[in-house]
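Listed in order, the protein sequences are those of chains Y and X.
For what it's worth, our numbering labels the leading residue of the first sequence as 21, then goes sequentially.
For what it's worth, our numbering labels the leading residue of the second sequence as 4, then goes sequentially.
Hints were generated in silico from the structure; no laboratory data involved.
Here the structure is a predicted model, which is why all the values come from computation and not from measurement.
Just so it is clear, CB atoms sit at the ideal spot from N, CA and C, and this is done for glycine as well.
It cannot be assumed that every hint is accurate.
Stretch by stretch, here's where chain Y covers chain X in the computed footprint (C-beta under 8 angstroms, at least three residues) [unchecked claim]: (1) 28-38; (2) 71-79; (3) 93-102.
Restraint ranges, calculated between C-beta atoms of paired labels, are given here [to be verified]: (4) GLY74/Y - ASN21/X: 23 to 33 angstroms; (5) LEU112/X - SER37/Y: 40 to 50 angstroms; (6) GLN97/X - SER21/Y: 38 to 48 angstroms; (7) ASN41/X - GLN93/Y: 21 to 31 angstroms; (8) LYS59/X - GLN93/Y: 12 to 22 angstroms.
Chain X side only, calculated, beta carbon under 10 angstroms to chain Y, not exhaustive [stated by the list, open to error]: (9) GLU9; (10) LEU51; (11) ASN55; (12) LYS59; (13) THR105; (14) GLY106.
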Amino acid sequence: SQTIHQWPATLVQPVGSPLSLECTVEGTSNPNLYWYRQAAGRGLQLLFYSVGIGQISSEVPQNLSASRPQDRQFILSSKKLLLSDSGFYLCAWSVSTDTQYFGPGTRLTVL
Amino acid sequence: SQQGEEDPQALSIQEGENATMNCSYKTSINNLQWYRQNSGRGLVHLILIRSNEREKHSGRLRVTLDTSKKSSSLLITASRAADTASYFCATVPQTYKYIFGTGTRLKVLA
């Protein structure tokens, strides 16, 4: 069966510090991978998606970037965090445009 | 703006009652999906309805789709306290891009 992992679960970082969130998927090949951000009590904002290794599409201009170094690994990064980067970050995968499967999320607080 | 907008934003009902939430979208779709999110957790897929379907059932869930009105509804029958969560609709207006609505926060009182 397929599983998706995200880490860390929670993170508290100072403004201006770097960020690296990792997502890995097991049990499937060539998944479409997604990063979303969710502000408290709000809907999901699509940040990045990837349909293959090295193929990244960015949806929202910001100081975040994403990379897909391996087929089932998706990384969200920032060189310098802003206060506005705080939120709940969710990774998800799909094999078509049907069901998306979400990871447990990372709660990021930037102080 | 969001492709999907849920209505109402919040809903509070007694256990055993039915809960209905609605979703409106703006562009043509291949399918519409509903997800549930428990507080502080990832989203869980509930049900998918394709554009050529009008109604679909899964257990206590009933989803309808009206493509002429660009709207969908999710009905949860005989609600339980465990149904307390946020519910989101999602559409895919462009290949690979999922657009989620703003969500309905459902609270089921025991």
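Fill in: List of violated hint numbers, smallest to largest
Hints 2, 4, 6, 8, 11 and 12 contradicted; others consistent.
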